[in-house]
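Student: Please model the entire structure based on the sequences and the hints provided.
Here are the chains, one letter per residue:
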Amino acid sequence: MNPRQILIALWTLVVKEVRRFTRIWPQTLLPPSITMTMYFIIFGNLIGSRVGEMDGFSYMAYIVPGLIMMSVITNSYSNVASSFFSNKFQRSVEEMMVSPMPSWVILGGFVLGGMTRGLGVGLIVTLVSLFFTDLTIHHPLVTVGVVTMTAALFSIGGFINALLANKFDDISIVPIFVLTPLTYLGGVFYSIDMLPDFWQGVSMINPILYMVNAFRYGILGVSDIPVGGALVAVALFIMAFFAVALWMLERGKGIRS
Amino acid sequence: MTTPALSIRGLTKVYGNGFQALKGIDLDVPEGDFFALLGPNGAGKSTTLGIVCSLVQKTAGKVSIYGIDIDRDFAKAKYHLGVVPQEFNFSQFEKVEDIVLAQAGYYGMALREARPRCAQLLKDLGLWDKRNGPARMLSGGMKRRLMIARALIHRPRLLILDEPTAGVDIELRRSMWDYMRRINREEGTTIILTTHYLEEAESLCRNIAIINHGEIVKNTTVRELLTELDTETFLLDLAEPVDRAPRIEGFEVEQVERAQLALSLRKGQQLNDAFRQLSEQGVSVVSMRNRANRLEELFVSMVEGDNARVRQAEAGNKEAQS
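The listed protein sequences derive, respectively, from chains A and B.
In this text, residue positions in the first sequence follow my numbering: the first is 1, and each later residue adds one.
In this text, residue positions in the second sequence follow my numbering: the first is 258, and each later residue adds one.
By construction, these hints were calculated from the structure, which means they are not laboratory data.
Some hints could be false.
In silico BS3-like links for lysine-lysine, alpha-carbon gap of 30 Å or less [to be verified]:
hint, chain 1, residue 1, chain 2, residue 2
1, B, K333, A, K253
2, B, K319, A, K88
3, A, K88, B, K400
4, B, K352, B, K400
5, A, K253, A, K167
6, B, K333, B, K319
7, B, K280, A, K88
8, B, K280, A, K253
9, A, K88, B, K387
No experiment lies behind these values; they were computed from the predicted model shown.
Tutor: Here is the structure:
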């Protein structure tokens, strides 16, 4: 395929993905908005008013970046996992396999689709948060960079999950048993300075902690960890995950007999 | 000599569980041909076509599409290929038109080029009125036609149809035949067809290959194959019921119903001879038809013969091992 044809193919996939999640918006866009509103009301407003300040910010302001990031992570991941697995399940993945599209375009199309949903939901949650707190972005470049990279990383993760999955249960295991606990333990609701030394050490091996804190740094200007290192780590993870996903796709893992 | 549309050499497939689905088959499909690939279930048809379409990974062998080796440049070869699979393989929730246009996009076709082509195909295949509805609302026959439209959107030179008329009613099947004949004749599209309706293969195809147990057991023209038919069986509907089958010298006759006989006609025998003898016995025939399609009789006898050969070989192997 020449570069123009590749762009057309990539655009086709992205549009198809965006059309899919907007068609079923009550399942994809509405629930995270409602859930996050609940978090803001209960944790931020009701409980947060009794917690007091954290790292010099109101508790509501402190948890907003983490909650935005949580929405981006879960939505990027589950969009690609469920969409690609549905394509496998309905065998419509064959439409792509019989076409001349290179594997990296297929992967790129799904990842961009997942990122669009993740970032879209992130934006909705950000807008909802404005009803509860004032949001001034401290480092716009860091904020946009880290949220975009996180959306990319978890979209690729969702793709790998979908390739390996044999049934619908297999695509909900990782979000429920891995992503949600790691996100809750990734400093969304607290600063890891509050933890005993041992648990602080344990928290440092949680990759989501780095993303949440880097994003919080972008918005509030405070972080529990060095931000530069976090950005490099996320970038390396993206490259590694992309390479693994591409290798699996090239070999037809989970999609070719 | 022109390059064949499809050339297969020594194609072998061994699945992960050790099952050898293809045992080094060779096959050539000439450009412009209407070619039938027949075989019982599990014979290796879908595996062969799956490899050609990149849905199945081959174990060994060479496949070329219009002279392009798929191991060297599969992407380029795929431009020549359109595929209509056995099972529905599109998103049931998407709109009919979107499914066809997305496929065009996967081939790098710009929308301004794809839209008129898509409209033409949907009109030709009787789906134009359904273009804005979700695919799940289509009937089974319409879903099959949608897959044909999708496969043709990028103007492939080689179209693979894996049981395209399965579960389609007779009227629709005939209209699909007419459409396939038209694109083969007028647009020069080479068509490879697998089907369980042997009447379909006889009516549409010029050349035929029969595959069984992962091997090509016959590869010839339909016309030549039919000359190998030793016996044809006709069903004769009688004007009056008879108590038992009349005796017809030189022919095998079986009573199917009180007013219906099955008459077997061997090569060289003449129906006139049988009718004369029936007439002499006061038996009138009001109508007559083939008991089975001619190709079907031949196919069944050929596959049964090959199955017996395989069983014998397996028994021989077991004996040698013990």
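Student: Run the distance test for K280 (chain B) versus K253 (chain A): straight-line Cα separation, threshold 30 Å.
Tutor: Roughly 24 Å between the alpha carbons, so the hint for K280 (chain B) and K253 (chain A) holds.
Student: Has the given pair, K333 (chain B) with K253 (chain A), been kept, meaning a C-alpha gap of at most 30 Å?
Tutor: holds (23 Å)
Student: Could you grab the alpha-carbon distance between K333 (chain B) and K319 (chain B) and see if it respects the 30 Å cut-off?
Tutor: Distance of about 16 Å is within 30 Å: holds.
Student: So if I understand the rule, the pair passes when the alpha-carbon distance is 30 Å or less; does K319 (chain B) with K88 (chain A) pass?
Tutor: holds (27 Å)
Student: Given the proposed pairing of K280 (chain B) with K88 (chain A), does the C-alpha separation stay at or below 30 Å?
Tutor: Within the cut-off at roughly 29 Å; holds.
Student: Under the criterion that the straight-line Cα-Cα distance not exceed 30 Å, is the pair K352 (chain B), K400 (chain B) satisfied?
Tutor: holds (12 Å)
Student: Is the hinted pair K88 (chain A) and K400 (chain B) satisfied, with a Cα-Cα distance of at most 30 Å?
Tutor: holds (18 Å)
Student: Tell me if the straight-line CA distance from K253 (chain A) to K167 (chain A) falls inside 30 Å.
Tutor: holds (15 Å)
Student: Sort out whether K387 (chain B) lies within 30 Å of K88 (chain A), counting only the CA atoms.
Tutor: holds (25 Å)
Every hint from the earlier list agrees with this structure, and none is contradicted.
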